[in-house]
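> Given next are the chains, with one letter for each unit.
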Amino acid sequence: MSTITQTVQPSQGQPALSTVVLRSWKAAIALSIFAVLGLLIFVLLGVDTQGQVSTFRLSQSRDLIQLPDLVLPTFVTAVVSSILLFAMAAWSIWITTHSRKVPLWLVVVFAVVFMIGFLTWAAAGSTIPVPGLFVGTITLSVPLIFGALGGVISERSGVVNVAIEGQLLAGAFSSAVVASITGNPYLGLVAAAIAGVLVSFVLAAFSIKYLVDQVIVGVVLNVLVIGLTSFFFSQLLSPNAAALNTPERFPRINIPLLSEIPILGPALFRQTFIVYFMYVAVAVIYFGLFHTKWGLRLRSVGEHPKAADTVGINVNGTRFWNVSLAGAIVGFGGAYFTLGSVGAFNKEMTAGLGFIALAAVIFGRWDPLKATLAALLFGFASNLQNVLSIIGSPVPSEFMLMLPYVVTIFAVAGLVGRSRPPAADGKPYIK
Amino acid sequence: MSDSTRPPAEPAGAVAAPADHPDAPRGQDAGSERWSQAMRDIVGGSAAISVLAVFLALVVGAILIALTDEPVQKASGYLFARPGDMFAAVWDSVSGAYSALFQGSIYNFRRPGFAAGIRPLTETLTFATPLIAAGLGVGLAFRVGMFNIGGRGQMLIAAASAGWVAFAVDLPAGIHLIVAVLAGLVGGALWGGIVGLLKARTGAHEVIVTIMLNFVALYLVSYLLRTPGLLQEPGSSNPQTPPMKPTAVFPDLLGPTYNLHAGFLTVVAATVFVWWLLSRSNLGFQFRAVGENPNAARVAGINVQSVYVSAMLISGGLVGLAGINQVLGTVTTGFGAGIDANIGFDAITVALLGRSRPWGIFFAGVLFGAFKAGGFSMQAAEGVPIDIVLVVQSLIVLFIAAPPLVRAIFRLPTPGTKPRSRPTVVKKEVTAG
Amino acid sequence: MKLELRGITKTFGALVANDHIDLTVEAGEIHALLGENGAGKSTLMNVLYGLYQADAGEIVLDGVVQKFAGPGDAMNAGIGMVHQHFMLIPVFTVAENVMLGHEETNVLGRLNLGAARKKVKEISDRFGFHIDPDALIEDLPVGVQQRVEIIKALSREARVLVFDEPTAVLTPQETDELMAIMRQLKEAGTSIVFITHKLREVREVADRITVIRRGKVVGEASPTATNTELASLMVGRAVELTVHKDEPKLGHEALVVRDLCVIDARHQLVVNHVSFEVQAGEVLVIAGVQGNGQTELIEALMGLQPRVTGTIELNGTSLRGLSVRKILDAGVGFVPEDRTEDGLVAAFTVAENLMLDRSTGAPFVKAGTLQRGFLADFAREKVTEFDIRTQGIDSLAGQLSGGNQQKVVLARELSRELHLLVATQPTRGLDVGSIEFVHKRIIATRDAGIPVIVVSTELDEVVGLADRIAVMYRGGIVGIVPGTTPRSVLGLMMTGEPAPGTEAVA
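Chains as they are written, first to last, in full-length UniProt numbering: chain E, 1 to 431; chain H, 1 to 433; chain F, 1 to 506.
With the rest of the complex left out, here is chain E (with noise of 0.2 Å):
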């Protein structure tokens, strides 16, 4: 994959070791495969598509601000953005030879661009409400932005957190419990912070004083979780499903003129609190890490904890409170599904996205801001997936679903690019 092709020596006095300079071909090939893979579908596949049409609808009927639908000549669409796609391989092949590396926007403008070839491939002769795909894509996002947000902390803080799956089912729980006793939200989602601490608290008992195994904990707990959920829900939420299993839900808030953004302000700005809370989240949180006393210690103990205790920082204690508020914040992402989009507890209702939302954590490499992005395609692909079942699209559904876990996998495999995690996550730290 790579070749050396110069080396280059340090300017004097610098210091430096001289440098080589290796091609890597990782992304002009990834880019290649993409483009051809694109000619086949939009294209050789879409020959029947001639003289039809793609719709794309950009205003939902309530919106102050009407756009007229955007309408797309199937297949010379499909051809334009082939066209497109090719070219951006192909310079990308040019600026490898150069021993130069294929800039990341020129990648976001190749997916974008592939996006908009597939949609109006597979919308050919149907209509796609581009709002819906997007208010979907927030609905199925939420619980995994709050998931990643508590594994970027705890894994920063040097705690492997693969019981986000436990900690969004007790969440999602405790919040329907409470919610419906009290009949009050907000105590709902108090509750569910408090039972994604919980979950953190043995977490962090058993790895920071136990020593057992991360990823092993995490693994049972998640089990333990689904047990304890499962049972109690069985023996007391059904039986009682009125008095225990009917959570008042949090209204529908809109924002006064960030709500009537074309296109984009129902998706972000019809939202309930929870949602809103989430955004502040992901904001004070990445201000946090980076920026804050708080971030730096949690850092520096995930990074090298002998370092971080030799200067006065407890070690230990910082990682149980800040995996504890990791719980909390998963938590609030458990509440999301009983307070904000379902509306009732169900056994496993959280159906694996514990683990998406830590693939969205390493998709992200450990960075709040990316890895909300990341929990997003992962949401805009399911959603995609919603969308095309109902217009009838020509992909199976099942291969839909599959792409935010190919696409997981293909990120740790590095072909898109390499993930540096803390160096010391998932390792305990003994004096």
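Please keep in mind that the hints were generated in silico from the structure rather than gathered at the bench. Predicted model only: the values in this text are computed from it and were never measured. Positions of the beta carbon are idealized from the N, C-alpha and C atoms, including for glycine. Wrong hints could be hidden among the right ones.
To be verified - Mimicking SDA-like on lysine to any residue, the simulated pairs with C-alpha atoms at most 20 Å apart in a straight line are:
id: 1; chain 1: E; residue 1: K306; chain 2: F; residue 2: H102
id: 2; chain 1: E; residue 1: K370; chain 2: E; residue 2: K209
id: 3; chain 1: E; residue 1: K293; chain 2: F; residue 2: K119
id: 4; chain 1: E; residue 1: K209; chain 2: F; residue 2: K119
id: 5; chain 1: E; residue 1: K306; chain 2: F; residue 2: K119
id: 6; chain 1: E; residue 1: K209; chain 2: H; residue 2: A408
Said to hold, decoys possible - DEER-style ranges, computed between Cβ atoms:
id: 7; chain 1: F; residue 1: A367; chain 2: E; residue 2: K26; range: 38 to 44 Å
id: 8; chain 1: E; residue 1: I255; chain 2: F; residue 2: A69; range: 31 to 37 Å
id: 9; chain 1: H; residue 1: S236; chain 2: E; residue 2: A111; range: 47 to 53 Å
id: 10; chain 1: H; residue 1: P413; chain 2: F; residue 2: R487; range: 43 to 49 Å
id: 11; chain 1: F; residue 1: V91; chain 2: E; residue 2: A283; range: 18 to 24 Å
id: 12; chain 1: E; residue 1: W105; chain 2: F; residue 2: A69; range: 21 to 27 Å
id: 13; chain 1: F; residue 1: L108; chain 2: H; residue 2: I63; range: 44 to 50 Å
id: 14; chain 1: E; residue 1: A283; chain 2: F; residue 2: T105; range: 17 to 23 Å
id: 15; chain 1: E; residue 1: K209; chain 2: F; residue 2: V64; range: 31 to 37 Å
id: 16; chain 1: H; residue 1: P234; chain 2: F; residue 2: K366; range: 20 to 26 Å
id: 17; chain 1: F; residue 1: V91; chain 2: H; residue 2: S237; range: 51 to 57 Å
id: 18; chain 1: E; residue 1: K26; chain 2: F; residue 2: V91; range: 21 to 27 Å
id: 19; chain 1: F; residue 1: A69; chain 2: H; residue 2: I63; range: 50 to 56 Å
Could you slot chains H and F onto chain E? The hints should help.
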């Protein structure tokens, strides 16, 4: 500085827990050693901890059962007036549940005669069969320092491969069964092998890859199951396969009145195979070397990459054997996407309880098989949801993983030597620093 | 500030690491703490720094008894430490590392990086360091990283500064600069504890010397004492600092390395166009300060580096690009630098470790099955031959002492038919008895007509073992000189200056 130029240290992953090593002297007599090894796994060394862990988990289960039992709740309403009622109600609910658990898993005293009374035990072995197979796969991966959470995916692919051969191909009896089993083994092995290959070639962490491949396999098999001409039963619209042909089904071991089938023998054979592989073969020597210290293994000329691949192939094949047993032994009337029955995850707890030793896994699988068999009869007889079994199982593993906690609860003295997993953990930390 | 340690005792299980140690360091004094590896120096300093709690004894600063629950307390009391393995976070900047643990913040809790930068600048100007506060630690050379450690300690107004083996990673030139910095600190009234096992450095800079052995203070010495006096105090008996060996009986050119380059993961040329050859029956020592490409060069020889160019030929057969397995099979014996990490599997038995690199075929494996009886006989024989002190061949290798672990590695490598022996840092961290044993074995191998490469950073070992010496600096070989070359010339070569009149090396 020199650290940055060295090969990257092994990701910590699941190395810590399976790292404990039997320190017992290795006898020269192979036959007796095998069994003494097995006995040590179950009763030796940390036997007390294991028993106490099971006991503790059952106590917690009892508390949950009592707390959620309606008669107990009613009696607690007048606890101070008639405390005896409360205790009687607690006793009723707990003893009722646990005796149902026992009678559903080992021996049913209400049935006449030994042949009928022992039926629950054969049920236990039937449930244990796939658990042991998958547990062996997970345990083997542990010994190589890898965490195979991909049991679901490997089982599904193996079940689909074996199942397809079993219902769609016509072959003479016997040969048909063998071909179906082989197809399943290959399917599971390949699905596991992908993980090993990705880890070896790109360093992709197997925990993430196996989790992701579980979902990929689930959707892939779901697609196959609902697509006519692939796995779906002709003429049906359900996402389910047709029944397996009788020529490809494991024969009953004890006659038609018992569910126990010859798949159990394949699992016994697999246990012996894994024992031989790990403690007698040079491949197993390399597996263990890589699992304990991949750096030293690499320097000693062991091809760590190919060890990862071959270990995951074998691990996937063993987990696949669980899927094969499901479709060719337990559910022969056609299967859907739920055929893995969560065994892939249960297998992790089985492997942990068995401390990644073949015979330890065998007996851990039997124990958890008993929980499953008994759990169903407990649910039927006493109305206690079977989910309590999950709680008890996970608690057992948590307690066993943390001996100091169990010792603290029972106020046992701390043994003079530290638990053997400690030094490994310390070593990892040193590497990190 | 005057530091007194009174009767410090620290035990780990049955091991007494510090046994009633008394130590007094006057204000403005450089006090050397001299001792062998494992003598208990680092434990003592970790007690002083609050990382360990002493079982008995007290720490007194300017007459006040201190109670340290953790490093934070020690730092607040004015104790600073420059650790042997730098306690810096590689992905943080210099300023972030310096501020960690006593961060200043602005409104909203935002880190005040400006103040930290100013502090770094100020201290670094005071000592003439040129350090960019925004540089990432992982991009800095080790010498500069050490200065960051010093700045870190000084930014907390440390008045007692502990240097734990600070010169291990420095060139002689950098070592001289460090000595100057120590003297400058001393002028400013800082008390300095200088931990080392290198005698020359002690005599150059210390005002007083305390020698500890096996956890006990065995005596004080003045800097005017001779090396031999200090060494015998440190070791407890008269020590021969030289290795006995006869003139080499040179044979053919066995190993020929031409134009070898190694490129690391960060695309740096860590081995830069290196050429040399080793003759049968000689010891070629590769000398140099740690981290100048020696490790990577050896890894390239052993097939452990992925990106290697150039040629490596052993007795006419090319080794470059072969797998480790093939290279071992070609008759190369290898004693790795880090024996616990790369040389042994700690959880394997002594016997299993003795067959670790022969797990693919005869004599230990037949038809895919381990030959356990043969292995047991072999292991018992080697345990006797190499005097490996163990309870039995079934003891775990991790339970052996460092010296015995190294004997296991040597026994394994020397019991194969060798055409080349490569030993890197073969005596690091060993007691004197084991060092002598290892050196004798290496010389015996040479005398058997086998070419030997030894990598060492210890000048004593270099001079003792070498028939010829290749000095590496920043990935290249500065020159290849005879084993009799004076230390002063070698020291100069380690800074990159070619020795006068040596063979020119590309």
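> Each of the hints needs a verdict: does it hold here or not?
Hints and how they fare:
1. Of the supplied pair hints, the one linking E:K306 and F:H102 holds, its CA atoms being roughly 16 Å apart against a limit of 20 Å.
2. At most 20 Å may separate the alpha-carbon atoms for a hinted pair to count; E:K370 and E:K209 exceed this at roughly 31 Å.
3. Between E:K293 and F:K119 the CA atoms are separated by roughly 17 Å; this keeps the pair inside 20 Å, and the hint holds.
4. Taking the CA atoms of E:K209 and F:K119, the gap is near 37 Å; set against the 20 Å cutoff, the hint is violated.
5. Under the criterion of a C-alpha separation no larger than 20 Å, the hint pairing E:K306 with F:K119 is inconsistent with the structure, at around 24 Å.
6. Distance hint between E:K209 and H:A408 is fulfilled; the C-alpha atoms sit about 13 Å from each other, no more than 20 Å.
7. In this structure the hint that F:A367 and E:K26 lie 38 to 44 Å apart at CB holds, the actual value being about 42 Å.
8. The given range of 31 to 37 Å is broken by E:I255 and F:A69, whose C-beta atoms sit roughly 50 Å from each other.
9. Checked against the given bound of 47 to 53 Å, the beta carbons of H:S236 and E:A111, roughly 40 Å apart, lie outside it.
10. Distance hint for H:P413 and F:R487: a CB-CB separation of about 57 Å, inconsistent with the stated range 43 to 49 Å.
11. Under the hint 18 to 24 Å, the C-beta atoms of F:V91 and E:A283, about 23 Å apart, fit the expected range.
12. At roughly 51 Å, the beta-carbon separation of E:W105 and F:A69 lies outside the given 21 to 27 Å, and the hint is violated.
13. For the pair F:L108 and H:I63, the beta carbons lie near 47 Å from each other, so the given range of 44 to 50 Å is met.
14. Judged by the Cβ atoms, the range 17 to 23 Å given for E:A283 and F:T105 holds: they are separated by roughly 18 Å.
15. Between E:K209 and F:V64 the C-beta distance comes to about 35 Å, which sits within the given range of 31 to 37 Å.
16. Checked against the hint of 20 to 26 Å, the C-beta distance between H:P234 and F:K366 comes to roughly 53 Å, which is inconsistent with it.
17. Between F:V91 and H:S237 the beta carbon distance is about 56 Å. The supplied range of 51 to 57 Å therefore holds.
18. Remark: the range hint 21 to 27 Å for E:K26 to F:V91 is upheld by a beta-carbon distance near 23 Å.
19. For the pair F:A69 and H:I63, the supplied restraint of 50 to 56 Å is violated, since their beta-carbon distance comes to about 39 Å.
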